[in-house]
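Colleague: Throw the hints in and build the complete structure from the sequences for me.
Listed below are the residues making up each chain.
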Amino acid sequence: MKKLTAVLMASAIAMTAAHAQGGTVTVVTSFSKDVTDPFKAAFEAANPGYALEVQNKNTNAGVQYLTETKANNQTDLFWASAPDAFHTLKANQLLASFVPSVEGLPEKVGSYDVNDPDGFFFGFAASGYGIMWNERYIKANELAAPAEWSDLKHPQYYDHVVMAAPSRSGTTHLTVETILQGEGWDAGWGTLKSVGGNFQQVMDRSFGVPDAVNSGQAGIGIVIDFFAFSAQASGFPVGFSYPSVTTVVPANIAIVANAPNHDGAEVFVNFLLSEPGQEVLLEPTIRRLPINPATYAKAPEGFPNPYEDARFQAMINFNGDLSSARSAVVDVLFDQLITFQLDNLKAATRAVHAAEAALVGKDNAEAGALIAEAHALIAAMPFDHEQAVSPEITDAFTGGENKTSRQSELEQAWATFAAENYAAAKAKAEAALALLS
Amino acid sequence: MTVKFKEPKMAQTRDGAAVAGARKIEITNVNVHYGELHVLKDINLEIQPGEFFAFLGPSGCGKTTLLRLIAGFNNASSGDVRVGGQDILAMPPWKRDVGMVFQSYALWPHLSVARNVAFGLEERKLPRDEVARRVKAALELVGMGHLADRRPSQLSGGQQQRVAVARTIAIEPKVLLLDEPLSNLDAKMRVQVRRELRDLQQRLNLTTIFVTHDQEEANAICDRIAVFGDGRIQQVGRPMDLYERPASLFVANFLGTANILDGELVTVDGKRLFKVTDTISVPVPDGVTISPGTRLVFRPQHASLEDAGGQGVRLPGRVSNIEFLGASVRYGVMVGTSEVLIDVPFQSGASVRTVGADVNVLLPSDCMLWLAE
Amino acid sequence: MTNLAIGRLRRFSATPGQMAVVLLIAAFLLAFLLVPAATVIYVAFTEKGTSNLTLVNFLDFFRNDLFVRSFWNSVYVSSLSVVWATLFALPLAVITTRFQFRGAMLIQTLGFLPLIMPPFVGAVAMQLLFGRNGSVNLLLDQHLGFKLPFMDGLNGVVFVQSLHYFPFILINVSNSLRQIDSAMEEAAQNLGSSGFRLFRRIIFPLAMPGYLAGASLVFVKVFDDLATPLLLNVKDMLAPQAYLRVTSIGLADPMGYVISTILIAVSIFAMWASVAVMRGREYSTVQRGGGGLARRKMKRGEAILAYGAVTLVLLLVLSPHIGLLLLSFATIWSFSPLPDGYTMANYGRVIGESSIYIKNTLIYASLAGLIDVVLGGAIAYLVLRTKIIGRAWLDWAAMSALAIPGVVLGIGYLRTYYGVTLPDGTPLATLSIMLVLALSVRRLPYALRACYAAMQQISVSLEEAAENLGANKRRTVRRIVLPLMMGGILAGFVTSFSTAAVELSATLMLIQSNSEAPIAYGLYMFMQSPAGRGPGAALGVIAVILVAVCTFASHYVIERSQKAMGARK
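Residue numbers (the UniProt record's numbering), protein chains in the order written: chain A, 1 to 437; chain B, 1 to 373; chain C, 1 to 569.
Worth double-checking, as some hints may not be accurate.
[Claimed, not checked] Calculated cross-link-like contacts (lysine-lysine; reagent style DSSO-like; alpha-carbon spacing at most 30 Å):
hint, chain 1, residue 1, chain 2, residue 2
1, C, 147, A, 139
2, C, 147, A, 346
3, B, 41, C, 387
4, A, 40, C, 359
5, B, 95, C, 387
[Unchecked claim] Non-contacting residues of chain B with respect to chain C, defined by C-beta distances greater than 12 Å in every case (computed):
hint, residue
6, 141
7, 318
8, 373
It is worth saying that the hints were derived from the structure and are not from the lab. All values reported here derive from a predicted model rather than from experimental measurement. Positions of the beta carbon are idealized from the N, C-alpha and C atoms, including for glycine.
Modeller: As structure tokens, this is what we get:
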């Protein structure tokens with residue numbers, strides 16, 4: 001027993017000793033080693049005396065960590081992709097404001113503000129959303145490479161597509177929100193559910209999607225661009241395209257309030273935004289779009305430039321306030337209508353595909369009407385875009401006083417709505433098929 | 001209950017060792033409950049210094065419970081247990097100094113024979129050479145000196161038993177408790193080992209309690225026996241006394257073979273008769289009280305077949321079975337509806353009756369016992 | 001009646017030492033399990049947005065189709081996994097303990113490996129082999145024109161879970177079998193029983209404490225495991241639902257904790273049931289220094305059958321590791337039965353940084369394992385050998401750790417100990433000793449079950465003999481109980497150690513810097529990017545080898561001590 005205590009004490013002391021050095025900048029990040037290692041090396045080389053201490057946590061865990069530890073904060077920086085995480089941290093007063101010394105940075109990338117207007121967080125890289133596929137997979141299954149979101153509705157992609165749940169991935173949440181804002185609430189959900197009918201799986205983390213496509217478990221994935229670029233750089237047989245309706249959003253960094261090494265944190269942010277820092281983004285394993293336009297001069301051939309590429313200029317306006325107001329509603333809707341109803345949705349979609357295939361070349365108004373009804377049933381939403389931001393619903397998620405029901409009750413109601421509609425749609429489609437054969 | 005120590009009795013008087021170091025065990029008004037179950041009821045017992053004492057009874061009668069109570073592994077709900085005058089119930093097992101040999105021997109498989117035996121001495125913090133000396137002595141005493149380095153699993157049952165005994169006596173306990181120590185041995189070993197145990201006990205002059213369900217074992221080596229039944233002590237006494245004068249049907253039945261005849265008391269012409277069947281009845285001696293449930297009990301070797309001659313009661317019957325036992329012939333005789341057993345000494349050349357022969361059973365009146373439950 | 005009262009009083013009394021141990025353990029569990037978990041889980045009993053206490057959330061649980069479906073799915077998967085795990089484990093356990101079998105020790109070690117599949121990489125390797133477009137299915141499709149859905153849906157979960165957790169049964173049953181006195185087998189043979197009937201009627205019932213300890217662990221682990229269902233994208237089971245809610249909807253949502261509470265309740269019920277089955281039965285099989293079952297020589301036919309069965313089971317259960325090994329040497333492996341090419345570069349990339357991970361892992365996991373066997377042994381002793389009030393509560397409390405999600409425990413630690421600081425201002429929660437404590441609490445149930453089964457098999461008379469010869473309780477424990485339990489204790493240590501070595505969920509919350517990180521954390525970092533897959537796999541292989549070597553070493557020690565104790569040879 002005595003021995004044990006001694007060992008415990010010794011190891012405890014040994015572990016804390018590393019903390020005491022000056023000049024250590026502690027960063028909590030969701031970025032992988034492939035991203036952080038080159039930055040750590042470049043930063044420490046450019047700023048002798050400083051050491052970058054990386055704590056890797058996924059975005060949600062990182063936010064929770066900062067929340068739980070605020071009373072005695074030991075973290076200097078928070079560094080992640082999803083802008084909504086920064087909004088949350090800012091709203092909870094966990095960030096410190098700062099004015100970077102780097103000159104020549106743009107205000108906007110695509111239609112998205114690069115920096116927080118109040119100076120609490122800063123974009124350092126841009127990312128666009130797109131479609132990634134496995135070349136071997138689509139060749140073996142004789143599929144065409146998709147180019148647009150709407151292509152993914154096509155029956156040939158049935159059971160071949162994967163996507164992360166927006167509730168599980170901040171970046172995917174933005175993709176969904178982009179589609180909803182670009183096409184409108186009802187049409188947008190119609191698209192999502194049509195594509196959803198072709199899903200093989202809904203992944204529970206962002207990286208699950210490129211991982212499944214890389215290994216060939218799934219053929220096509222809806223992903224953030226750098227996953228595809230870095231996979232290509234690693235040699236995986238994957239392709240990628242930006243669809244015409246998409247957005248590009250910055251990945252961010254912020255200084256944590258009451259940072260133990262606030263000065264060091266500022267040095268790192270300035271380094272990150274400066275040209276030497278931005279150039280690290282061009283590394284094959286990172287491949288994110290630099291926020292500093294000057295850096296593109298050093299980019300390799302074929303590297304997309306959001307400041308010049310026409311596709312990026314055409315991108316839609318993105319309403320960040322609307323996105324934050326309904327983010328919980330959108331996440332839960334997606335899970336209840338698609339993720340947890342995937343079997344029902346796929347069954348209905350398959351039946352519709354079969355009926356549509358049978359209808360080709362025939363003139364049968366009754367069957368056509370049934371198929372249209374089936375489509376409408378699949379696309380139907382339990383409420384419209386105004387209700388989505390009404391306090392009756394949003395307060396159910398926050399526990400506010402205007403709620404009329406608890407979150408679990410809403411979920412049950414929406415799930416029932418979806419399950420019944422999908423079953424009805426399947427019945428209509430099967431009736432149509434019966435008429436046609 | 002007061003039987004004097006060293007009353008003449010064969011085995012015991014043989015070497016008449018000194019009594020000086022031996023302890024007395026006094027058990028007063030002991031009751032033990034397991035939850036609602038009343039396992040031991042008002043036990044009173046005094047075991048004399050140096051006595052080899054048996055707890056005898058069928059399984060479940062409470063004899064092992066009382067032994068474990070003395071060792072400290074059961075708790076009494078009331079009563080007193082004294083060893084050498086000292087109240088031990090409040091002491092933990094390891095302070096009691098009562099050596100116990102377990103039925104399963106409980107040898108520790110991870111320790112060698114010598115280390116098993118050394119255990120108790122080491123716990124007493126004896127100097128190392130003293131431990132070695134006493135381990136050697138204890139093992140020599142049981143004839144196991146040459147196997148000191150073996151593991152228990154490498155020993156035969158008899159050898160394990162000896163090690164268990166050596167382990168216990170090595171600590172020179174105040175008293176020795178033996179929990180069915182022979183039950184795991186074969187018949188031949190049993191006879192040999194019980195003799196060894198007796199000799200050892202005599203040599204060490206240790207007050208010893210021996211728990212067994214085997215009356216032959218108890219009779220063969222013990223000075224006195226307490227017969228247990230249903231949580232009570234049914235009778236205490238020397239083996240011969242118990243055999244000849246059992247206090248109850250239970251004891252008569254448990255110790256040796258007993259013939260038991262059922263019947264009822266009738267009075268004919270002012271004479272009391274014990275009516276076994278309509279045609280067979282036995283005169284009841286004066287001074288014997290017969291209550292409902294009282295039976296007539298006698299031992300097979302105390303009765304004889306009529307032609308042997310002699311005084312006593314005659315019971316008519318028919319030979320139903322014959323067993324030759326070597327020194328004697330055991331006849332089964334149907335008396336009324338019950339079969340009684342009669343042992344007749346075998347003499348070479350003597351005629352043997354045949355099954356079906358009509359005989360009279362001759363019952364000397366001083367061998368008849370009138371016992372109730 | 002007063003007699004009765006005194007009797008009860010005496011029986012409930014305990015030595016001061018035992019009382020102190022009870023209090024110490026209770027304090028430990030309170031401080032490092034119950035309080036931290038409670039700071040998070042109390043949300044289940046409050047109305048959202050307020051702090052009003054309510055049970056309405058539990059009503060919501062049973063009104064929600066998804067949750068109810070998830071509940072029954074979890075029950076289905078756990079029960080079937082126990083059945084399959086039993087089928088995998090029993091042949092290995094029996095063949096290696098009852099027969100003279102070359103490489104028995106190697107098999108015991110290899111059979112243990114599935115438990116130490118590191119997170120993420122194991123999943124990737126499994127998909128590459130058995131997934132819809134994994135090696136097996138690609139080959140099947142190519143040559144026979146069909147695919148098998150190994151990894152689809154609930155049955156896929158059963159497949160992977162039974163492969164993953166069957167070592168719990170293997171370890172515990174093997175340990176029980178080793179303890180059985182050969183006389184018991186001989187007696188049955190003597191009475192005309194042999195072969196499978198002998199096994200079914202005598203050997204297996206005698207190994208029951210070990211089997212039930214293992215089977216209940218499998219049930220509970222499968223019931224509470226979220227990694228495998230998530231890997232297979234099965235979301236309508238309870239543990240994934242709890243995890244998804246806690247980590248995506250957030251800490252203020254009660255339903256995640258309602259599900260956690262129900263997970264805890266079911267786990268405790270399963271453990272209670274396995275103990276209740278054993279209650280009142282005598283299974284002490286170490287009585288007369290029996291050296292375990294005699295190892296029989298196999299006939300030629302039996303040997304072929306046995307080697308065949310062992311090879312098949314091992315191939316199956318080790319397939320993730322084979323996949324992992326391939327992956328670690330692979331250049332690119334995508335939609336093909338085998339990698340495109342092979343390279344050492346992945347190892348080159350991790351070799352430099354892995355030494356710090358290895359060192360940390362060894363320190364954390366062995367400290368955690370040590371704490372676990374000390375606590376587990378103490379609790380098992382208190383429960384089985386004393387009548388101290390509240391001993392059963394210690395048992396249940398320790399077992400409830402099985403069902404508390406790692407992330408909940410991690411957050412609970414931060415909440416409870418981040419505010420507490422050392423004199424120099426360092427928060428208590430940032431010390432790596434907290435990580436060790438969290439790991440030991442998470443793995444305590446494994447060690448506890450192993451110690452419990454080991455102690456159940458020691459005949460009480462062996463301890464009574466020691467007390468009778470003058471050893472007090474403490475000395476008896478040290479000189480008799482501990483040596484006799486050593487096999488079980490080591491088994492418990494190995495299980496705790498090796499599973500703690502690959503634990504991630506609590507680690508991710510508590511780890512403060514790369515220099516303090518264990519291997520699992522390093523793996524996590526690599527497995528977040530396409531380029532990290534190969535190096536991640538290489539690190540995974542290193543982790544597996546590391547833990548396997550330690551496991552092999554302890555099996556070696558167990559074997560040796562068993563031999564020393566028994567074997568009539």
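Colleague: Now, for every hint given, state plainly whether the structure supports it.
Modeller: Here is how each hint holds up against the structure:
Only pairs whose Cα atoms come within 30 Å are accepted, and residue 147 of chain C paired with residue 139 of chain A is accepted, the gap being roughly 18 Å. Taken as a hint, the residue 147 of chain C and residue 346 of chain A pair is honoured in the structure, with Cα atoms around 20 Å apart against an allowance of 30 Å. Our distance criterion of 30 Å between C-alpha atoms is met by residue 41 of chain B and residue 387 of chain C, whose separation comes to about 24 Å. Proximity of residue 40 of chain A to residue 359 of chain C is assessed by CA-CA distance (about 23 Å); at most 30 Å being required, the pair is judged to hold.
Only pairs whose Cα atoms come within 30 Å are accepted, and residue 95 of chain B paired with residue 387 of chain C is accepted, the gap being roughly 21 Å. The claim that residue 141 of chain B is not at the interface with chain C holds, since no C-beta of that chain comes within 12 Å of its own (minimum 16 Å). Its beta-carbon lying about 41 Å from the closest one in chain C, residue 318 of chain B satisfies the requirement of being farther than 12 Å from that chain. For residue 373 of chain B, the condition that its CB be more than 12 Å from all CB atoms of chain C holds, with the nearest at approximately 27 Å.
When each numbered hint is compared with the structure, no violation occurs for any of them.
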